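Chains L, A and D, in that order, give the protein sequences. Just so we're aligned, residue 1 is where the first sequence starts under the numbering used here, counting upward by one. Just so we're aligned, residue 338 is where the second sequence starts under the numbering used here, counting upward by one. Just so we're aligned, residue 619 is where the third sequence starts under the numbering used here, counting upward by one.
These are computed hints drawn from the structure, not numbers from a lab. Treat the hints with care, as some may be off.
[As the list claims (entries may be wrong)] What follows is a set of in silico ranges between Cβ atoms, one per label pair, in the way DEER data are often shown:
1. A:P391 / L:V16: 49 to 55 angstroms
2. A:I345 / L:L2: 50 to 56 angstroms
3. L:D71 / A:A386: 53 to 59 angstroms
4. D:D679 / L:L200: 46 to 52 angstroms
5. L:F193 / D:D679: 50 to 56 angstroms
6. D:R745 / A:M537: 51 to 57 angstroms
7. D:R745 / L:H130: 47 to 53 angstroms
8. L:H130 / D:T636: 47 to 53 angstroms
9. A:G582 / L:E49: 34 to 40 angstroms
10. A:A386 / L:I189: 55 to 61 angstroms
Here the structure is a predicted model, which means the values were calculated and not measured. Backbone N, C-alpha and C fix where the C-beta goes; we use that ideal spot for every residue, glycine too.
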Amino acid sequence: MLSLIGKRIISAIPSVIGVLVVTFVLTRALPGDPAAYFAGPAATPQAIEEIRRSLGLDKSLPEQFVVYISDLARGDLGNSIATGQPVLTEIVTRLPASLELTLLGLLVSVLIAVPLGVLAATRPGSLIDHACRVITTAGVSLPAFFTGLLLVYVLYYRLGWAPAPLGRLDIFYSAPNTVTGFYTIDALIEGNFEVFRAALAQLLLPVTALAIFTLAPLARMTRAAMLEVLNSDFIRTARAAGLPKGKIVYGYAFRNAMLPVVTTLGMVFSFLLGANVLVEKVFSWPGIGTFAIEALIASDYAPIQGFVLTMAMLYVTLNLVIDILYIVIDPRVGFES
Amino acid sequence: MKATWKHIRYVLGENPVTLFAFALFGFILLCAIFGPWLAPYDPLTTNAAQSLKPPSARHWFGTDALGRDIFSRVLVATRLDLGIAFASVILTFAIGALAGIAAGFFGGWVDRLVGRLADTIMAFPLFVLAMGIVAALGNSVGNIVLATAIINTPLYARVARAEANIRRNAGFVEAARLSGNSEVRILLLQILPNILPILMVQCSLTMGYAILNAAGLSFIGLGIAPPTPEWGILVAEGAALMISGEWWVALFPGLALMTAVFCFNLLGDGLRDIVDPRRRT
Amino acid sequence: MSAVPVLAVDNLSVEFRTRSGIVKALEQVSFNIGKGEMVAIVGESGSGKSVTAYTVMGILDAAGRVDSGSAVFGGLDLLQARESALREIRGREMSMIFQNPRVALNPIRRVGDQIADVLLQHGGITRREAPKRAIEMLARVRIPDPERRARAYPFELSGGMCQRIMIAIALACSPRLLIADEPTTGLDVTTQAAIMDLIAELGAEQGMATLLITHDLGMAAEYCDHIVVMHAGHVVEMAPTAALFANPRHPYTARLIAATPRPTARLADLVSIPGNLPDLRATVIPACRYSVRCERRKPRCEQPLPLVLGDEKGSMVACWNPL
Chain L
1 MLSLIGKRII
11 SAIPSVIGVL
21 VVTFVLTRAL
31 PGDPAAYFAG
41 PAATPQAIEE
51 IRRSLGLDKS
61 LPEQFVVYIS
71 DLARGDLGNS
81 IATGQPVLTE
91 IVTRLPASLE
101 LTLLGLLVSV
111 LIAVPLGVLA
121 ATRPGSLIDH
131 ACRVITTAGV
141 SLPAFFTGLL
151 LVYVLYYRLG
161 WAPAPLGRLD
171 IFYSAPNTVT
181 GFYTIDALIE
191 GNFEVFRAAL
201 AQLLLPVTAL
211 AIFTLAPLAR
221 MTRAAMLEVL
231 NSDFIRTARA
241 AGLPKGKIVY
251 GYAFRNAMLP
261 VVTTLGMVFS
271 FLLGANVLVE
281 KVFSWPGIGT
291 FAIEALIASD
301 YAPIQGFVLT
311 MAMLYVTLNL
321 VIDILYIVID
331 PRVGFES
Chain A
338 MKATWKHIRY
348 VLGENPVTLF
358 AFALFGFILL
368 CAIFGPWLAP
378 YDPLTTNAAQ
388 SLKPPSARHW
398 FGTDALGRDI
408 FSRVLVATRL
418 DLGIAFASVI
428 LTFAIGALAG
438 IAAGFFGGWV
448 DRLVGRLADT
458 IMAFPLFVLA
468 MGIVAALGNS
478 VGNIVLATAI
488 INTPLYARVA
498 RAEANIRRNA
508 GFVEAARLSG
518 NSEVRILLLQ
528 ILPNILPILM
538 VQCSLTMGYA
548 ILNAAGLSFI
558 GLGIAPPTPE
568 WGILVAEGAA
578 LMISGEWWVA
588 LFPGLALMTA
598 VFCFNLLGDG
608 LRDIVDPRRR
618 T
Chain D
619 MSAVPVLAVD
629 NLSVEFRTRS
639 GIVKALEQVS
649 FNIGKGEMVA
659 IVGESGSGKS
669 VTAYTVMGIL
679 DAAGRVDSGS
689 AVFGGLDLLQ
699 ARESALREIR
709 GREMSMIFQN
719 PRVALNPIRR
729 VGDQIADVLL
739 QHGGITRREA
749 PKRAIEMLAR
759 VRIPDPERRA
769 RAYPFELSGG
779 MCQRIMIAIA
789 LACSPRLLIA
799 DEPTTGLDVT
809 TQAAIMDLIA
819 ELGAEQGMAT
829 LLITHDLGMA
839 AEYCDHIVVM
849 HAGHVVEMAP
859 TAALFANPRH
869 PYTARLIAAT
879 PRPTARLADL
889 VSIPGNLPDL
899 RATVIPACRY
909 SVRCERRKPR
919 CEQPLPLVLG
929 DEKGSMVACW
939 NPL
């Protein structure tokens, strides 16, 4: 199994190279003069020349690529014009906010979608089956930013149940000391339940918006996989052996049905990381999505490049984790022939 | 052929939802074509006296902060949103289908090259890649179309590759080969028509995603510039007003967006049942 | 046949509701199995042999419905019993093995654990004893190196090996009845004989009754005491094996025997059975479902089928014009 995992890790290398090449090409594909772009809208011709030389844009493309890679290796993603800070610092400080949102969104989504899909599959034609079908079709049709806005209107403006959609923590609270960067976890570490509650309240609406968007593919896949497994020969064997229904559905069918569901997690993450950017904007969430949008508006290119690169690396890593998880839970991987 | 019609009638009869989706699609198409003539107000004319009026008989969907009629703006936006989605899906179809069929049919280095390119695109979260592409190429409608097309291409290429691969040594292909047809000719005249129905299903399913993607990009301020009416921008204009209770500014364009995406998703599922009943989930 | 049969199926009718109408899959099926007996149900695909077995086991599809009849096993009518009572019986007193053993086992569970699951459910043993008992079962079905095999997954084993595991699961609790549904389909010829020998031998050891579902009349003749011939959901004939072969009375049985390869026969002697099974979805099905294919058809054949008892004990033929 270890050698399989090793092989899988090595197989991620082409993806990483692909990501590096694409982000490099995207920078060089800037219309007009990249140096002018990097220098910002208010730069003088001398400043632009300066930047051209300092960025190495006067060199050949292969040379520039080497420079780009060696800069990356040193953790140098350039500086943000708007804040003057290194892009790496900006991203590292904002990443936990985005991750907390994304991972909690996925968790909620899985906790609802998987039981829903299982219930729908074990009771075909029932009310819950139809509900599952409606939710899965409607869920993917709801843009996460629109769901977020509707939630804000109903739960904040109308009912007043949720706090104002302005960031990670109400201004009356101060952020907990950074350990993981996740406010909820850090607050628990400090034992400060009031801040924990406040942070959770801020997360409620954006997490719901994300969960609704990603619910659909997960529930759909769970239902389809469960239906297929429940109709398979080995379930018939288990029934003929007199195993109880619970053991058959959860011990035998569920574990097998989870294999295809785990493989769809990759696609779900792609959805989730994209929707995350939009939801961050709606909720003024101080994550890397908001950071990237601000940079886009200011035509501040280095942060955008850093953002795309970070998200891609994050995604490649998540896919790697999913595949390793699959290798661990499916004994057949690697024995196909 | 007769059997096909019978099958389509059977599927539609069994599944009134698909019939509904077809009707909805027709309605949206009419809005896109005739929207500018049907709109009761000019979508761009501002009227300070009428700013932020809730829905009424005069303004069905209310007015925005500049007093523009939201109903007219949503209606007129249909053409642009649908146009972007159609254009990008056609582009995806052209690139993805051809690359995928070539990969599946020829195998070898073509297959490896296409596979590698598709994997590279798939290594990004797709919306993030689209953001990067539009940021790099410049803020324009054309680049939104291009970015949306690029991120959807791997899906098409994969479906086309798999289907072409199954058929590369099928009986009818061997027959065409034996009667002296060139490989490229076989690919275009034998393989492509055969897998067209399956690719059309994929088209419909991607339409919804293309609309969502384009609206998302304009929601964060990429691509289409205000005051051009476009659903994503319209929602963005109403976003800040949600907190102060002016719900109609964002709600109606959002509903239009949702309805269109919902329609294409239903349509895709329905077409899949017609073309390939085995994959029904 | 002994006085009290292990399983007595009487007048069983089963329908399937499908998109294109109701299919009368079984009509008035009756047969008995005595203690320690080995009985075969023989017929073509679609004759209803598997449906009979599934109905008795109570694992019929949701679309299938028992229309009438009874299946008495150990004093209990299986068709009227509650699901909880059936679950107690299944796997403990009555077991089943299936065709294509490689897909009939849970692909991601170790085979030893799959045997242990059944033992824990019915065997009244502790979690600690279960693995040891599972290994013992593997040894009983002649699997070499059982300690190691218990830790294997189905995909690591051959088809024959998987069928032995299936038998181990089925026999783990020493049932009184084993239903073997085409147990050798999908296995190579030498393995087929080994599996059938194993079933016969273990059955004899435990005094277990076996119901063999097969399309292979030759295999039925080799292993079974008694043969039930089914056609299109009807039992057309049943008789002790020797009597059936010596003197088939139903025209279909005669055709079936003539179509079965024997060592003494040449290929040219083999005959095929003309026609196909009738469409069981039709609203009007001929009383004798073989009549459309039958050369001995008489006008009388349109009347409801007679059940003519034969001279031999437990023999019967359903035909107006038997041989």
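Which hint numbers doesn't this structure obey?
7, 8 and 9
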